[in-house]
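Protein chains: 2
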Amino acid sequence: MSVQVIFLGTAGSIPTIARSLPAVAIRRKGELTLFDCGEGVQRQMVRAHLGFNKKMKVLVTHMHGDHVLGLPGLIQTMSLLGRTKKLEVYGPSGLKEFVDAIEQTVHFSLTFPLELVEVEDEGLVCEEKEYQIHSAWAKHSIPAFAYSFVEKPRPGRFHPQKARELGIPEGTLWGQLQRGVAVKLKDGRVVNPEEVVESPRKGRSVVYTGDSRYSNSIVKLAKYTDLLIHDCTFDDSLRERAEKDGHSTPSTAVKTALRAKAKRLVLTHISARYKEPMLLLEQAKETFPEVIVAEDFMRIDLPRVDNVIK
Amino acid sequence: MSVQVIFLGTAGSIPTIARSLPAVAIRRKGELTLFDCGEGVQRQMVRAHLGFNKKMKVLVTHMHGDHVLGLPGLIQTMSLLGRTKKLEVYGPSGLKEFVDAIEQTVHFSLTFPLELVEVEDEGLVCEEKEYQIHSAWAKHSIPAFAYSFVEKPRPGRFHPQKARELGIPEGTLWGQLQRGVAVKLKDGRVVNPEEVVESPRKGRSVVYTGDSRYSNSIVKLAKYTDLLIHDCTFDDSLRERAEKDGHSTPSTAVKTALRAKAKRLVLTHISARYKEPMLLLEQAKETFPEVIVAEDFMRIDLPRVDNVIK
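So the sequences go chain by chain: W and F.
Under the working numbering, the residues of the first sequence are numbered 330 to 639, in order.
Under the working numbering, the residues of the second sequence are numbered 330 to 639, in order.
Think of the hints as simulated: they come from the structure by calculation, not from any bench.
Treat the hints with caution; some may be incorrect.
Identical copies go unnamed one by one, so any copy, or any two together, can satisfy a pair.
[As the list claims (entries may be wrong)] Heads up, simulated BS3-like pairs for lysine-lysine below, C-alpha to C-alpha not over 30 Å straight-line:
| no. | residue 1 | residue 2 |
| --- | --- | --- |
| 1 | Lys-414 | Lys-604 |
| 2 | Lys-383 | Lys-491 |
| 3 | Lys-584 | Lys-515 |
| 4 | Lys-415 | Lys-573 |
| 5 | Lys-481 | Lys-531 |
| 6 | Lys-415 | Lys-491 |
| 7 | Lys-590 | Lys-383 |
| 8 | Lys-573 | Lys-414 |
| 9 | Lys-425 | Lys-491 |
| 10 | Lys-584 | Lys-425 |
| 11 | Lys-604 | Lys-549 |
| 12 | Lys-383 | Lys-604 |
| 13 | Lys-573 | Lys-592 |
| 14 | Lys-549 | Lys-590 |
| 15 | Lys-491 | Lys-592 |
| 16 | Lys-468 | Lys-414 |
| 17 | Lys-384 | Lys-604 |
| 18 | Lys-604 | Lys-425 |
| 19 | Lys-384 | Lys-515 |
| 20 | Lys-604 | Lys-584 |
| 21 | Lys-590 | Lys-414 |
| 22 | Lys-415 | Lys-515 |
| 23 | Lys-590 | Lys-491 |
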């Protein structure tokens with residue numbers, strides 16, 4: 330069961346022929362999590378065959394138009410298609426006022442519950458049975474969040490042979506042990522899960538910075554992440570401009586990746602000035618080889634890892 | 330000097346892989362007039378190499394999201410690119426409230442004057458030296474306009490040979506006659522413009538219906554137009570559905586074109602259900618051969634006509 334990351338929009342603030350405005354989807358078990366919602370996202374979703382009726386969350390990093398103006402059209406299209414499932418949208422303060430204003434001035438009627446949640450601080454944004462989403466403060470020209478999508482650990486590998494050797498009958502007791510619960514056998518012996526189950530296995534994680542200059546909070550959020558998707562609006566020769574505008578360059582992204590010990594790095598939010606992103610890649614690759622520059626419709630599969638948690 | 334019509338978005342309410350949301354540009358003498366402003370229009374303009382710094386007017390037919398949600402992003406991008414020229418936006422009641430709401434909730438600062446004009450009724454919308462834009466009521470589920478772009482007549486052809494035969498010296502007098510003003514020669518004779526200038530020549534015109542079922546007002550607006558761009562959301566088998574939703578089918582568009590004596594007809598606002606628009610074309614072509622179905626990035630050049638006005 331893979332976690333797939335689909336880059337729907339990889340442009341900076343202005344779209345180009347090749348790049349749509351910011352949006353990154355995570356697909357897991359038929360469910361979608363969308364980081365940012367730039368203009369055109371609904372059409373990018375059509376092109377990527379993602380569908381409009383899945384269980385879905387949208388996480389808006391900040392209220393700049395290029396990161397949120399795709400939301401009204403997405404909501405309208407979902408309604409036109411008769412969606413009935415709830416849509417959850419998270420974002421910084423101002424999100425509700427924005428959606429309210431659109432609803433009042435552009436005529437559409439919702440066919441589904443729209444749950445708007447304003448994220449107020451760093452921390453847990455939402456919790457599902459198998460994953461969590463966390464936020465951290467980014468450093469941009471207006472309040473902005475970075476988000477992480479983190480699978481919960483999976484139970485460790487169960488050893489049926491060991492269970493049989495200990496005389497535990499197959500059935501409900503095995504299930505309890507797999508869920509980490511000690512069991513008492515008919516003969517009075519107590520078997521602890523550790524005797525037949527390995528340590529829990531790490532879940533996968535993806536971190537999306539949105540727009541940000543270097544931020545210690547993001548390093549913390551991205552600790553040991555499998556995939557760090559980082560703002561890289563400018564190349565290193567424009568470091569001062571990036572700093573001033575609250576954006577990053579390859580060396581900022583690499584610094585974050587190294588400090589967070591991230592496994593892989595993807596550079597995105599590429600300014601329209603770079604027709605060919607080779608320059609950005611070269612500047613990053615020197616010190617962090619596991620880096621690529623995002624392209625629209627690029628997909629990255631994160632396979633299950635069997636690493637046990639030490 | 331051509332008038333070029335560029336189809337930037339030809340979809341119905343939901344975009345498809347091939348069709349972006351409604352927007353049609355008219356390019357004339359380096360100036361742009363945009364009918365409707367569906368989500369994604371700024372990127373379609375990038376793809377069509379239209380630029381963001383031209384003298385420009387936007388005419389929104391009605392306040393449904395699929396016709397207006399491209400406006401905020403267009404304005405933001407123009408500001409990011411440092412536009413200084415005024416942008417004029419016309420649309421029905423509700424336009425100002427919509428743009429105000431966006432300005433207040435999504436952070437961008439304008440670098441240029443934005444002139445918002447709410448069109449209240451049928452008639453002259455705006456007048457330039459060489460053309461006018463008119464509105465007519467469309468018939469849709471909410472108040473909606475159709476618009477026409479109409480060049481003013483050009484002065485008739487001037488005959489220098491005739492002027493010489495009449496003994497009129499080349500120079501300012503020729504100019505006056507060309508502008509339709511009678512002149513008095515030194516010998517006291519008066520020459521009327523008709524003696525050396527043919528009748529004025531018709532300007533070109535384009536009519537865009539926006540979303541509408543059949544409307545007599547649109548027929549009147551489209552009288553003798555060179556190009557009628559008509560709603561054709563559904564095919565004729567879905568005539569009742571179209572009627573109910575305030576949309577048209579090929580036979581509605583043809584009826585309008587025939588009654589208006591339009592020269593050419595383009596069907597647009599094509600529902601996502603038609604992967605292949607052949608059906609729509611066939612239903613229209615039977616009774617109106619000069620018809621095509623719009624495609625994104627299709628361009629139609631309207632050459633100058635030398636027809637004199639009778």
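Going through the hints against the structure:
1. Lys-414 <-> Lys-604: Between copies only: 27 Å across chains, 40 Å inside a chain, cut-off 30 Å.
2. Lys-383 <-> Lys-491: neither (41 Å within a copy, 76 Å between copies)
3. Lys-584 <-> Lys-515: neither (57 Å within a copy, 86 Å between copies)
4. Lys-415 <-> Lys-573: between (39 Å within a copy, 28 Å between copies)
5. Lys-481 <-> Lys-531: within (7 Å within a copy, 72 Å between copies)
6. Lys-415 <-> Lys-491: neither (45 Å within a copy, 78 Å between copies)
7. Lys-590 <-> Lys-383: neither (33 Å within a copy, 48 Å between copies)
8. Lys-573 <-> Lys-414: between (42 Å within a copy, 27 Å between copies)
9. Lys-425 <-> Lys-491: Classified as neither; 55 Å inside a copy, 73 Å across copies.
10. Lys-584 <-> Lys-425: For Lys-584 and Lys-425, neither the intra-copy (35 Å) nor the inter-copy (45 Å) Cα distance is at most 30 Å.
11. Lys-604 <-> Lys-549: The answer is neither: 32 Å in one copy and 48 Å across copies each exceed 30 Å.
12. Lys-383 <-> Lys-604: between (34 Å within a copy, 23 Å between copies)
13. Lys-573 <-> Lys-592: Within one copy, since 29 Å is at most 30 Å while 56 Å is not.
14. Lys-549 <-> Lys-590: within (10 Å within a copy, 69 Å between copies)
15. Lys-491 <-> Lys-592: neither (34 Å within a copy, 85 Å between copies)
16. Lys-468 <-> Lys-414: Neither. Shortest intra-copy (34 Å) and inter-copy (33 Å) distances fail the 30 Å Cα cut-off.
17. Lys-384 <-> Lys-604: Between copies only: 27 Å across, 36 Å inside.
18. Lys-604 <-> Lys-425: neither (36 Å within a copy, 37 Å between copies)
19. Lys-384 <-> Lys-515: neither (44 Å within a copy, 87 Å between copies)
20. Lys-604 <-> Lys-584: Within one copy only: 24 Å inside a chain, 48 Å across chains, cut-off 30 Å.
21. Lys-590 <-> Lys-414: neither (38 Å within a copy, 48 Å between copies)
22. Lys-415 <-> Lys-515: Close neither inside one copy (47 Å) nor across copies (85 Å); limit 30 Å.
23. Lys-590 <-> Lys-491: neither (36 Å within a copy, 87 Å between copies)
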